[in-house]
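Trainee: Residue numbers (this note's numbering), protein chains in the order written: chain B, 1116 to 1287; chain E, 17 to 200.
Source of the hints: derived by calculation from the structure; they are not laboratory data. Note that the structure is predicted; figures quoted are calculated from it, not measured. One should not assume that every hint holds.
On the chain B side, residues computed to face chain E include the following (Cβ under 10 Å) [as the list claims (entries may be wrong)]:
{"no.": "1", "residue": "Thr1124"}
{"no.": "2", "residue": "Val1137"}
{"no.": "3", "residue": "Gln1157"}
Heads up, the beta-carbon is just placed ideally off N, CA and C, and yes, glycines get one too.
What follows is the residue order along each chain.
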Amino acid sequence: MRLRHDRKTVTDEEEEALERSVREREGPAMVPPPPAAFWSRQIVEVNRRIDESTSGVALSLSWAARVAIPGVVAVLSFLIGLKYYAPERHAAESLRQATSALASATVESLYVASVAASDTAVINDVNKSLLPFNNVQAEEFYVENAGTTTLVEDLSDQELHQVLAALSSVEK
Amino acid sequence: MEPLTDLELIEEVRSGKRQAFTELMRRHQERIYWAARRILGDHADADDVTQETFVKAFLSLGDFRGDASFFTWIYRIAINLSLNALRKRHLVSYLRESEIAQKVFPSHEDPHKDLEAKEMASLVSRAVATLPDKQRAVFVMRYYDEMSYEEISYVLKTSVGGLKANYFHALHKVQEYLKNATAS
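Only chain E is shown next, with the shape it has when bound in the complex (with noise of 0.2 Å):
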């Protein structure tokens, strides 16, 4: 027997079966997982914004309307609660610094960035988080996920131009971040 696809699931949790809301989410929780964690750096981040994702999901399933597929859909969610994130997160490190500096301590760790160093295991997850926030969306994306950029431009709300431009920008920063980090 075929297994039944997306839009067919989504129907049957229409009709009140929360099995299938639970069929879909174990299609899709990786690969919105991976992408949450690529863009945020961090495991306990990118669990929470998956988990977010899909009640998200779960509580809007009405306003799907089916122009996208449900992945691209709840990958929109993903990808907007990930930079929602990655601004409070700004925002926190800012308002850390102006405290450290009010205070006239001398800030020998960034609590932040000891948050990152952990996850840092690859050259390139550290050259990403080097990328401003919506390039490191484009790429995580582009790179990591090979979407369209139709697809990137449905999640992004941006022109296909804009996101070509921003991923070749980054490829360029990741490439000479890459050639300064075996040389040196």
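Okay, chain B solo, but in the shape it has when bound (with noise of 0.2 Å):
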């Protein structure tokens, strides 16, 4: 059994030989060959295709298979991905608007809520896109500044009670 390494290469000489066989037993060639004037309807057939593909309707054709349809589908697929990927840009902004139209006092109360929740993911968040300042910042700052007599007149009771509790978790 020959493997197919075993296998050797075929040789100029050897190739020469064989094709020189085949050319001896070939005859002469019965092909029958076109008609001298093929050849010059050829020439004017490839030339009116030619015409044909780089007409105006060809070309717009062309024009929008290759270029503008694929275009209009990037510009969709571009507009649809902005619209379902990026919906926390939307919300940030919208959430932004709100808060800003509220008066300071009710933005300060509610921040201050949050925390006696200990509702600090929430927080965290509001506080990095509204405040400049860190939950134990604006604690130290309601201590120093306000003190608890602003804040009785602007907070519900339940709010009050809550406020109090971390206030005063904070001066321990």
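Mind docking these for me? Both chains are given alone in their own frames, and the hints should help you get the complex.
Mentor: Okay, structure coming up:
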């Protein structure tokens, strides 16, 4: 049995000998050639096909297929992607607009109430986007500048209770 | 006055002179036609492939960078179109056979073979028609067009070693065919 790697490489001489043998057996070629006029008719036909391909309609179809349709698809994909994959940005914008419309005292009271309720995840997010200081700084600000009397006027009993609990824990 | 080279003609075509492309066609159409006809074994199909080759060449002339000669470049287009035509023909032939088998009619004549039979005027042409598609293309390029293996490699995107083996096998098959044909 001969394995694949046992096969010897064909030499140029072997190839030439085999080719010569085929040519000797071939005999005269008898495939009928086309008539002489065929060649000029073929040139005319090729020119006609080129004219067709480069005409306005063909070009605009080709332009539509190669440029316009992929372009429209790309723009649509981008717009759809923008709508579905960046919703947080719009939410943050709306939240920012809504909170900026509120009175500063209300925002501050909400902030302190949230701290008291230990809703740290939410408060951290709000803090990052709305307030330029952290939780501890906010609490210190109220203790030092506002005191408990300012807050009493703006908050409900329940909120006040939560705020006082938070402030007293900071004071300790 | 010396005739313009292919590259000079291409430059003229690029600058808008269509007549220069006609000159390029005149120079190369016969060789392209015969390569296609030897692979396809049919005048009408070869005519179609030749026309398509030149239309494609004109439309994509901007892609021609000159890393091979213009003839080799269009020859490559023609061989690829011929191989595609052969594939389509095999598919049509297969579908027809399936259709016939489904209808349980005995097939006395294969239309495709009948078509080719008109071309089988020489023994070698008949032998070439029995080769697998790629071997057929390699045989035509090497045996009839006497192209170098490097040129064939550019056309078919195959290694020179693989092409040599393909051609040798093709020669063997053709020789066997001729021996059997002359003996009977």
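Trainee: Each hint should be assessed against the structure and marked as holding or not.
Mentor: Results of checking the hints against the structure:
1. Thr1124: It holds, given that the least Cβ distance between B/Thr1124 and chain E is near 8 Å, below 10 Å.
2. Val1137: 5 Å, holds
3. Gln1157: The hint holds - B/Gln1157 has a Cβ within 10 Å of chain E, the shortest such distance being about 6 Å.
Figure legend: structure checked against the earlier numbered hints; every hint is met.
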